[in-house]
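So you can see what is in the structure, the chains are spelled out below.
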Amino acid sequence: MKLTVQVWRQAGPGAPGRFERHVVDGIEPHLSVLELLDALNEQLIDSGAEPVAFESDCREGICGACGVTVDGEAHGREDNVPSCHQRLSGYADGSILRIEPLRAGAFPVVRDLIVDRGALDDLIRAGGHVAVDAGTAPDADALPVGEERAELALDFAACIGCGACVAACPNGAAHLFAGSKLMHLSLLPLPSLERQRRVVAVVDELEELFGPCSNYGECARACPAGIPLTAIAAVNHERLLAGLQRRL
Amino acid sequence: MRFFARPGKPDAAAQHGPAVPATPPPWRAPASAAPGVRIGTVLDGRLPGGDPATAWDRRRAAYKLVSPLNTKKFTVVVVGTGLAGAGVAAALGELGYQVHAFTYHDSARRAHSVAAQGGINAARARKVDGDSLHRFVVDTVKGGDFRAREAEAYRLAQESVRVIDHMNAIGAPFAREYGGTLATRSFGGVQVSRTYYTRGQTGQQLQIAGAQALQRQVHRGTVALHTRTEMLDLVVDDGVCRGVVARDLATGQVWVQPAHAVVLATGGYGSVYFHSTLAMNSNATAVWRAVRRGASLAHASFVQFHPTALPISSHWQSKTILMSESLRNDGRIWVPARSGDARPPADIPEDERDYYLERKYPSFGNLSPRDISSRAAKEQIDAGHGVGPLRNSVYLDFADAIGRLGREVLEARYGNLFDMYAHATGEDPYSVPMRIAPGAHFTMGGLWTDYDQMTAIAGLFVGGEAGWAYHGANRLGANSLLSACVDGWFTLPFSIPNYLSGQLGSRLPDAGDACVREAYARVRARTDALIGVGGRLAASHFHRELGEIMYADVGVARTAEGLARAIERIRELRGRFWREVAIPGSGAQVNQALERAGRVADFLELAELMAVDALDRQESCGAHFRTEHADAGEARRDDQRWAFASAWSVDGAERPGGAMTFTRHAEPLSYQAVPLATRSYR
Numbered sequence: 001m002k003l004t005v006q007v008w009r010q011a012g013p014g015a016p017g018r019f020e021r022h023v024v025d026g027i028e029p030h031l032s033v034l035e036l037l038d039a040l041n042e043q044l045i046d047s048g049a050e051p052v053a054f055e056s057d058c059r060e061g062i063c064g065a066c067g068v069t070v071d072g073e074a075h076g077r078e079d080n081v082p083s084c085h086q087r088l089s090g091y092a093d094g095s096i097l098r099i100e101p102l103r104a105g106a107f108p109v110v111r112d113l114i115v116d117r118g119a120l121d122d123l124i125r126a127g128g129h130v131a132v133d134a135g136t137a138p139d140a141d142a143l144p145v146g147e148e149r150a151e152l153a154l155d156f157a158a159c160i161g162c163g164a165c166v167a168a169c170p171n172g173a174a175h176l177f178a179g180s181k182l183m184h185l186s187l188l189p190l191p192s193l194e195r196q197r198r199v200v201a202v203v204d205e206l207e208e209l210f211g212p213c214s215n216y217g218e219c220a221r222a223c224p225a226g227i228p229l230t231a232i233a234a235v236n237h238e239r240l241l242a243g244l245q246r247r248l
Numbered sequence: 001m002r003f004f005a006r007p008g009k010p011d012a013a014a015q016h017g018p019a020v021p022a023t024p025p026p027w028r029a030p031a032s033a034a035p036g037v038r039i040g041t042v043l044d045g046r047l048p049g050g051d052p053a054t055a056w057d058r059r060r061a062a063y064k065l066v067s068p069l070n071t072k073k074f075t076v077v078v079v080g081t082g083l084a085g086a087g088v089a090a091a092l093g094e095l096g097y098q099v100h101a102f103t104y105h106d107s108a109r110r111a112h113s114v115a116a117q118g119g120i121n122a123a124r125a126r127k128v129d130g131d132s133l134h135r136f137v138v139d140t141v142k143g144g145d146f147r148a149r150e151a152e153a154y155r156l157a158q159e160s161v162r163v164i165d166h167m168n169a170i171g172a173p174f175a176r177e178y179g180g181t182l183a184t185r186s187f188g189g190v191q192v193s194r195t196y197y198t199r200g201q202t203g204q205q206l207q208i209a210g211a212q213a214l215q216r217q218v219h220r221g222t223v224a225l226h227t228r229t230e231m232l233d234l235v236v237d238d239g240v241c242r243g244v245v246a247r248d249l250a251t252g253q254v255w256v257q258p259a260h261a262v263v264l265a266t267g268g269y270g271s272v273y274f275h276s277t278l279a280m281n282s283n284a285t286a287v288w289r290a291v292r293r294g295a296s297l298a299h300a301s302f303v304q305f306h307p308t309a310l311p312i313s314s315h316w317q318s319k320t321i322l323m324s325e326s327l328r329n330d331g332r333i334w335v336p337a338r339s340g341d342a343r344p345p346a347d348i349p350e351d352e353r354d355y356y357l358e359r360k361y362p363s364f365g366n367l368s369p370r371d372i373s374s375r376a377a378k379e380q381i382d383a384g385h386g387v388g389p390l391r392n393s394v395y396l397d398f399a400d401a402i403g404r405l406g407r408e409v410l411e412a413r414y415g416n417l418f419d420m421y422a423h424a425t426g427e428d429p430y431s432v433p434m435r436i437a438p439g440a441h442f443t444m445g446g447l448w449t450d451y452d453q454m455t456a457i458a459g460l461f462v463g464g465e466a467g468w469a470y471h472g473a474n475r476l477g478a479n480s481l482l483s484a485c486v487d488g489w490f491t492l493p494f495s496i497p498n499y500l501s502g503q504l505g506s507r508l509p510d511a512g513d514a515c516v517r518e519a520y521a522r523v524r525a526r527t528d529a530l531i532g533v534g535g536r537l538a539a540s541h542f543h544r545e546l547g548e549i550m551y552a553d554v555g556v557a558r559t560a561e562g563l564a565r566a567i568e569r570i571r572e573l574r575g576r577f578w579r580e581v582a583i584p585g586s587g588a589q590v591n592q593a594l595e596r597a598g599r600v601a602d603f604l605e606l607a608e609l610m611a612v613d614a615l616d617r618q619e620s621c622g623a624h625f626r627t628e629h630a631d632a633g634e635a636r637r638d639d640q641r642w643a644f645a646s647a648w649s650v651d652g653a654e655r656p657g658g659a660m661t662f663t664r665h666a667e668p669l670s671y672q673a674v675p676l677a678t679r680s681y682r
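Those protein sequences? They're chains A and B, same order as listed. Numbering of the first sequence is given in my numbering, commencing with residue 1 and proceeding in unit increments. Numbering of the second sequence is given in my numbering, commencing with residue 1 and proceeding in unit increments.
Any given hint could turn out to be false.
[As the list claims (entries may be wrong)] Looking from chain A toward chain B, a few residues come up when the C-beta cut is under 10 Å (computed): (1) His30; (2) Gln43; (3) Cys58; (4) Leu152; (5) Ile160.
In short, the hints are calculated from the structure, not lab data. Ideal Cβ placement from N, Cα and C applies to all residues, glycine included.
Use the sequences and the hints to build the structure in full.
The following block contains the structure:
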């Protein structure tokens, strides 16, 4: 099939951007949006033009490197699916796709479709870790974790860090991302020992770098890892608990 | 029989049984069948000697230490932030070293360790299923078809115990039994249950735990994390590694990071096959640059092809997604009995189907090991029995299982996999058989290192899939996450300080040193050469063509004739690349065409060595199957002549498209605890 791509071009951070229009032929419906970009780029380079810069890596929906906005939707028109798995089968032959970067105040454009999502790592760096040094851990069987608790921790730990939640949020909030990390670690025996310290550090950074949460729920609709919306409530829940414990 | 490792005297082996070397001294390397290959030296892996079960304890006891007051005086570069890289960078940071960690990703968490599905093995041996440290070693050494280092398999087994404890402590939510203890499952190639897991995303959970431990050290100020930064060369001064040259992928700036020691934890090189289960950016550049600087590459052609990858169905499909091999528990693999039969699967009656695995390997059937299943599939495809639009796949059919167990049971067992398949192909595997094909997956080969994981270049260490010593000619499932974790958290943090202890007070090189200026100049010259080609074709054309050559002749089954042909074709393609490749834009900005072209240029050199290694090794072992060296279609190992690791060094003008000469060094392999034996699955 033949598709028309309207793709965002931007030379660098702060540079003016614009849409460019290209036609890509010989595409098959089971291919992904990113494979469409592969085809476009080979066509561009072969004609001496610079390819559209975009990020992607595992193409299996687990690394979180990819993320573009397709027709206004973070990752693409299908909910809870990363860009690398957004198939073209929903588009009729001759359709137009508008592809642009993930849009969020906290994610400045690096080039074309690449954005800087470093603010997410700033949250992790602030407190999304566990203070146990190599070799000092106790026996993992000596700290039992209930099966359901372990599975629930994994529901939150499944976050792939793609940033679609932030881009989908009208406020540019990262509560789904931050809440999933807080819940993941609060549910496990050793990591939960730093629960209080962690939430204070992470929330300070969260409020500094991202927008506020107004419970729109767009984040959970876009999330390719299916992080439950309860993660956003967890941010305030964990903060409240920490505040209470401090007073005691 | 010995069940547990116990500290012993160096001559403990003598008490436990004969320690007869596999080959009598003096050892002589066989001549090469590959034209132009030079025979090099006999390598000393500096193994501790004596009982392999106690080797690691004895070696650790002998390691020299660096005082906690002095650790901050040392700078260590770690390239790659996967399980091995993030682990060693964090562990050294915890010890107080000044660490510079490099990743080409925007975030340390995205390294391809993240994509591993099944699990991580550990010889904790808590259950009463007969598992033990020794049993783990037997499985690993046998599974690797006796081309790995036995003593390193023991280290892997021994350290596996606390890998699980550590990864659990730093945040990996391992699956648990209802009683709260760790859950395990079985995996291919073993008869015990020693695989720890977090659903089908074990790699992701270990990787996230490791990456956040790394971020903790960044927060503490011990690790400087350089994201979007790709290592392009090493600084080597008179055989000693003194730093790296890297390119900032966002700004194009090329810079030098001096160091007292460098770790390459840059993963495997399966992407040389173009279509593989690896990530789009996985590449061999760091490893190949090290070879170009004087390191050697061991077992270059030992590549595992996963039998249950999705086949390529169209030109633009970018990879062969892996489908878990657990599907083979209930799926039956078949092809049409008549070559060229193009009928839809439902129209092919039962007696016109060939369930070839069940026919050839009645005792293991559809659960035959990865290398054997991949080979059998390729035979069928090559003989014209392949199915699908490109006739390059075989059926994996669940109709019997659905009839026997019902659709609900299959949904519960494999629902997510069936969904992924339907998503990727647009076909419903509940009603139409899946189509699968062998896909390049894991490279057992890698940079040759000694027992301390140091390469032939002093101060250059290796961890994870970039190394070579654990998996021999075939890797067992769930041993790759383990080897990366053991290297990163519990091997390199001991062996690197031992090396550094002799470097106290040594000055780091700076821009005034010739070694730094030369390394920088090499990278600039190479970038200029690539951009200067000014051709008309994207690097992807050459990469795709290279993949076709590699799958055809350096793939699942290899012949002398095919390998010789591959070498010629790779050389020709490399010449064409350096005349015709197009790289629009400049080097002073984000330029993914340049990144890609640099990686493809290195693949085009590495690929030739892989073909030479495969041609040189005149035996079949594990994943390396030479059609000429087989008994009734089964691999025939030659322990008399080939029980050694080939470690290749490369000479030749490092100019665009230039010719290379290869020297094969050899490390003889001997086995004390696991007697040499032939694998059989019939």
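Evaluation of the provided hints:
| no. | hint | result |
| --- | --- | --- |
| 1 | His30 | holds, 5 Å |
| 2 | Gln43 | holds, 9 Å |
| 3 | Cys58 | holds, 5 Å |
| 4 | Leu152 | holds, 9 Å |
| 5 | Ile160 | holds, 8 Å |
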